[in-house]
Amino acid sequence: MLSALLTLTALMALSGLVLLWLGRRFQRDEDSLVEQINAILPQTQCAQCNYPGCRPYAEAIATGEADINQCPPGGNAGVHALASLLNIEPKPLDESHGEYKPPVIALIDEQRCIGCTLCIQACPVDAIFGAARQMHTVIASECTGCELCLPPCPVDCIDLIERREPDRPTRPDQSAAGAPTAIPMKVA
Amino acid sequence: MSTATVGEALHAFPGGLELRHHKQVACQTPLRHMPPSERHYLSITDRQGRTAELIVDEGQLVKRGQALTRARGDFDVVTHAPTSGRIGPIVQRDGLWPYGAQTECIELLADGLDDSIIGEPLSDWLQEAPDRIIDFLRDHGLAGLGGAAFPSAAKLRGDWGSIQTLILNGAECEPWIACDEMLMRTRANEVVRGGIVLARAAGAREVVIAIEDQMGEVGQHLSRAIRECAIDFPIRLVRVNTIYPEGGERQLIQVLTGQEVPFDGLPQDLGLLCHNVATAEAALQAVEGGNALTERVVTVTGPGIRRPQNLIARIGTPISELLKAAGGMTADAARLILGGPMSGTALPSDRMPVTKGTNCLLVLTETQVQRDQPVMPCINCGECVRVCPAHLLPQQLFRMIEGERLEAAANLKLFDCIECGCCAQVCPSHIPLVDWYRHGKAARRLEQLDQRRAALAKRRHEAREARLKQERIERDARREKRRQKLTEGTQAKDEIQAAIERAKRKKRDDQSAG
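Protein sequence lines, in the order shown, are assigned to chains A and B.
Just so we're aligned: the first sequence equals residues 17 to 204 in this note's numbering.
Just so we're aligned: the second sequence equals residues 283 to 796 in this note's numbering.
Source of the hints: derived by calculation from the structure; they are not laboratory data.
Take every hint as true, because none was put in to throw you off.
No more than 20 angstroms apart at the CA atoms, straight line, and that leaves these computed lysine to aspartate or glutamate pairs for EDC-like:
1. A:K117 to B:D732
2. B:K723 to A:E181
3. B:K723 to A:D189
4. A:K107 to B:E686
5. B:K751 to A:D142
6. A:K117 to B:E729
7. B:K788 to B:D776
8. B:K786 to B:D776
9. B:K345 to B:D397
Computed spacing ranges between beta-carbons, pair by pair:
10. B:R754 to A:P167: 19 to 27 angstroms
11. A:D110 to B:Q730: 23 to 31 angstroms
12. B:H673 to A:D175: 48 to 56 angstroms
13. A:A93 to B:A291: 47 to 55 angstroms
14. B:L548 to A:A138: 47 to 55 angstroms
15. A:A156 to B:E689: 25 to 33 angstroms
16. B:A690 to A:P106: 17 to 25 angstroms
Just so it is clear, CB atoms sit at the ideal spot from N, CA and C, and this is done for glycine as well.
Given only the sequences and the hints, what does the whole structure look like? Please build it.
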């Protein structure tokens, strides 16, 4: 009777210790939460959230310092994704940080560019190519449309153009004609 | 992987539907050549969005069969002039891929003479090396005429190991479409010999022509053509049951061999190659007549067409011309569909040109389109699972896409859906399932594009951060070094000062001594 009790107590104590150790050893990594948040953020690196980039903002969300609705490029869809990851109520995008806009990319007017390299230094993803007193060009496929190159330009030669991409398909239940294959026929 | 063989016994694929055929509607009149239209529009953008390399200039006079583009590889389908005329400007035109989107087309203004270049046939193609035949077919613009217009050269060439059997797909299973049936009736000999051309090009050892058991007359024509064929090559005719979507490549292979093509593989992995019968006929036209692919059979049919028939139309002819040639549309025509009623797509206009993949134009009337049927919620009846030929779970896929869980849908093998439409056909809630799957596929592709873009931006941002950090460290190191030098510099100053002192002292000593 006593030996049974002792054995059970010892077993429980042992397993308790093992679990305690395991809990310490494989602690839920805050870093991995940061990574998960960072994976949802659009990586525009535009700093509209008042943090210097997407990762610092992700870190701030993880510590509870920043709210989840400060990322305009992510839009409401991004806020929803963050809310479902963190298991909190979604809220509308905080428009004081900027509005959600269709994706754009920067385009340098090469006639006006004086080659001052200020935009190259401002670009967070090194998407501008050029050298001092040489013409600069935006690498369109790498540009995130963060607009950070606009303010430093002394001659205002950078324009934002719409990024060419495939049409966003409309959901069948939201297409204009009701049933989606019911495209009314036009006869030329 | 093991090689599949086409044995005597037929097998079955899961699911499928027995549908009413409606094919005879378009087969009442003989196959008819359509005269070239005044203007032809030839798309120069392929499905990957790449623009073809043009070898003609605006204003140049061309003859029928003259190449307008150049193949840079096996995936480029060469475009040829469908008639003689003058090359017009490159115009933006409603295209068929993606449906209704603007594509770049060469405009060809016909001169009405319809002169052809004199094509050089590949005279002894039976003795030619496979690569030479494939090059020849590629330069003559051969593409899959079953509907996908996949570049035939890319399908024929490849490091597949040994191809055992070439399957000629004549199982045109979708209702209304009759272009292959009509072609096999009228050009059975060419289809059989063309099959041997493709088999030679692919290195296959036998040809199996698969047709449906309801195509009575076609079977007789083909049997006779096989008997009378002078070329000594093993060639067989197999009649398969008429179940939709039997004509799907993977379904047909499963019926013929009993083996499933792996979801991430190709028929070539099983030692099989599948080509459409019309592609075979076009291959023969190329090697024996030297004719480039500039025309195809198009079925113009449906209750909304006055005189349903099969037309041989030049590639690039506007669809409106075909409708006109078939007597025009009836007053109650409600919808123009490219392809068949099950897997076709409603077209927003009839301005699009015929392409190498245009097999059928179907016009339905108000009574068939059932536009007023309300869409009800899914009741989980499981009918869609029963009929799915690809072993998928259509209702689960629908749920995932509806809930925007596109990754989950992709994990449920959304991209293995062949969009045959069986599930939507049997759905008692009238859910437009295929439209949801098409939407889901497009949305998932965009989602992945966004993810790739974000990953690229993240990588570049991190690289920049690392570089800036490195530069900062180096700058600090340089600064530290300078500061050190400066402190070392004060020592030097002291030494100089000491030396000056010494010199002065010496001078004083010398003066006092002098």
